[in-house]
Amino acid sequence: MAETLLKVAGLQAWYGESHILHGVDFEIRRGELVTLLGRNGAGKTTTLRSIMGILCKRTGSITFEGRETIGMTSDHIARLGIAYCPEERGIFSSLNVDENLRLPPVVKPGGLSIEEIYKLFPNLLERRHSQGTKLSGGEQQMLAIGRILRTGATLLLLDEPTEGLAPVIVQRIGEIIRQLKSRGFTILLVEQNFHFAATVADRHYVMEDGRVIDTVASSDVQQSIGKLQSYLGV
Amino acid sequence: MFELLGIPPQALFGQLLLGLINGAFYAMLSLGLAVIFGMLNVINFTHGAQYMMGAFAAWLLLGIFDVPFWASLVIAPIIVGLFGIVLEKLILKRIYHLDHLYGFLLTFGLALVIEGLFQWKWGSSGAPYPNPIPGGFNLGFMFLPTYRGFVVVAALVICLATWYGIERTKLGAYLRAATENPTLVRAFGINVPRLITLTYGLGVALAALAGVLAAPIQQVSALMGVNLVLIVFAVVVIGGMGSIMGSIVTGFGLGLVEGLTKVFYPPASNTVIFVVMALVLLIKPAGLFGQTK
Chain D
1 MAETLLKVAG LQAWYGESHI LHGVDFEIRR GELVTLLGRN GAGKTTTLRS
51 IMGILCKRTG SITFEGRETI GMTSDHIARL GIAYCPEERG IFSSLNVDEN
101 LRLPPVVKPG GLSIEEIYKL FPNLLERRHS QGTKLSGGEQ QMLAIGRILR
151 TGATLLLLDE PTEGLAPVIV QRIGEIIRQL KSRGFTILLV EQNFHFAATV
201 ADRHYVMEDG RVIDTVASSD VQQSIGKLQS YLGV
Chain Y
1001 MFELLGIPPQ ALFGQLLLGL INGAFYAMLS LGLAVIFGML NVINFTHGAQ
1051 YMMGAFAAWL LLGIFDVPFW ASLVIAPIIV GLFGIVLEKL ILKRIYHLDH
1101 LYGFLLTFGL ALVIEGLFQW KWGSSGAPYP NPIPGGFNLG FMFLPTYRGF
1151 VVVAALVICL ATWYGIERTK LGAYLRAATE NPTLVRAFGI NVPRLITLTY
1201 GLGVALAALA GVLAAPIQQV SALMGVNLVL IVFAVVVIGG MGSIMGSIVT
1251 GFGLGLVEGL TKVFYPPASN TVIFVVMALV LLIKPAGLFG QTK
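Protein sequence lines correspond, in order, to chains D and Y.
Quick note: the first sequence uses my numbering, first residue 1, plus one each step.
Quick note: the second sequence uses my numbering, first residue 1001, plus one each step.
Hints are computed from structural coordinates only; laboratory data are not their basis.
It is possible that some hints are incorrect.
[Unchecked claim] Output of the computed footprint for chain D on chain Y, the stretches with three or more beta carbons under 8 Å from beta carbons of chain D:
hint, segment
1, 1111 to 1120
2, 1186 to 1200
[Claimed, not checked] Distance windows between CB atoms, simulated:
hint, chain 1, residue 1, chain 2, residue 2, range
3, D, E27, Y, R1194, 30 to 36 Å
4, Y, W1163, D, D209, 49 to 55 Å
5, D, I114, Y, W1120, 55 to 61 Å
6, Y, I1091, D, G41, 35 to 41 Å
7, Y, A1161, D, R211, 51 to 57 Å
8, Y, A1127, D, K57, 37 to 43 Å
9, Y, F1274, D, E116, 53 to 59 Å
Heads up, the beta-carbon is just placed ideally off N, CA and C, and yes, glycines get one too.
Required output: the full structure, derived from the provided sequences and hints.
Right under this line is the structure:
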């Protein structure tokens, strides 16, 4: 079994006065694709943002490759090799597609080259001189994923990459995520779309009220489908 | 044509040149103000004082160390830019999370303190700075002093270089991205606080550079930036807060408008820019080149 890449223990986090995470525990091994499932407001996005160091107030422990990151600033955490693709995609309107793609600095060797990224997303190559926010939703999502592949980050945090996209695009994103896993990326995926998550992930952590309340392996999804449906309220 | 308007061509072109020179300073100063506002969200009312400091730095370098104008053009902005960096690190960075009004009040207060200190030390009568390129050209329809022509060209080069740096380079891409979404840029591994400090230093250095260029034209005095910062603020509002090209075009354009007003209706020349500002705010509140967010 591969080594543990990321370990989250007793993580608590606050947005201003409101206490969102009440002790989150989980871990990801190198090369795994793990999802965080849960209803709206369960704390999935907050967990990703806490790992990335974006929240100002967080306590507990987050170790990446054995290093404690709970007190680090987000630029420092990114340089350890964690990359974040936010739910709102965060494409910059004052940058064109190519500039968006080249924005995140390379933090480690081993990332994809620009050519490889354009090969993975041919649409982006065609539109590389367009303003970033002029792309369709699907293309913006591909750009948001594409730009973090170049940096050499080993752990990718993807926040709802399929949200609001047409089924055919969702399928394409699924293929890409599987390709990334086979290339050796470790991926933590936040999803509302359970059916999508089930097709790509090794394991699922279920979150509720700011805690991880259950773990389901993908091989057990069929047996646990009733339980999962009640967690997710679908 | 000139006979029809009843204006002698010398007067018209003379005022247009003056307008262009004033416009050159408006453009350089509003550019720095726009860059700083975009990145720091602070309306830097210390800008006029920093412009004055640039002129003073050149004057003192000449008087004490015999540093020639051309060397001061590089050294003075570096000195004043470093002063800006210290200011940002010690004071400004504490107010970014507050409303714009606090940044405005703080920088306005700092300007008063700085200008007061200079006035206390060197008085307010002003000191001359020798013209580094005396002489001029007779263009037939008017006389062009060489140094003034140089200032217009230098300002254009400085403005375009700044525009290029922001719109076409990697550092500029970081700057634009961090203006839009500093949190995400930081999460990509870029040290955004350092980028902010650097931006402020560069904006302040730009003001100081304008001050050095102004020294041979104007008297070097503690209050030389006081009125200018008000006009430049109006230029930034008209061009659109945070718009780079808008600042350059509006700066030169309004200088010319002011010059023309001096020819055709001199009493309005001091207010015309503010009239334009009021009109622009009524018709297009985001400014001529600004984007509504």
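Here is what the structure says about each hint:
no.: 1; hint: 1111 to 1120; in the structure: violated (count 0)
no.: 2; hint: 1186 to 1200; in the structure: holds (count 7)
no.: 3; hint: E27/D <-> R1194/Y: 30 to 36 Å; in the structure: holds (33 Å)
no.: 4; hint: W1163/Y <-> D209/D: 49 to 55 Å; in the structure: holds (51 Å)
no.: 5; hint: I114/D <-> W1120/Y: 55 to 61 Å; in the structure: holds (57 Å)
no.: 6; hint: I1091/Y <-> G41/D: 35 to 41 Å; in the structure: holds (40 Å)
no.: 7; hint: A1161/Y <-> R211/D: 51 to 57 Å; in the structure: holds (55 Å)
no.: 8; hint: A1127/Y <-> K57/D: 37 to 43 Å; in the structure: violated (54 Å)
no.: 9; hint: F1274/Y <-> E116/D: 53 to 59 Å; in the structure: holds (56 Å)
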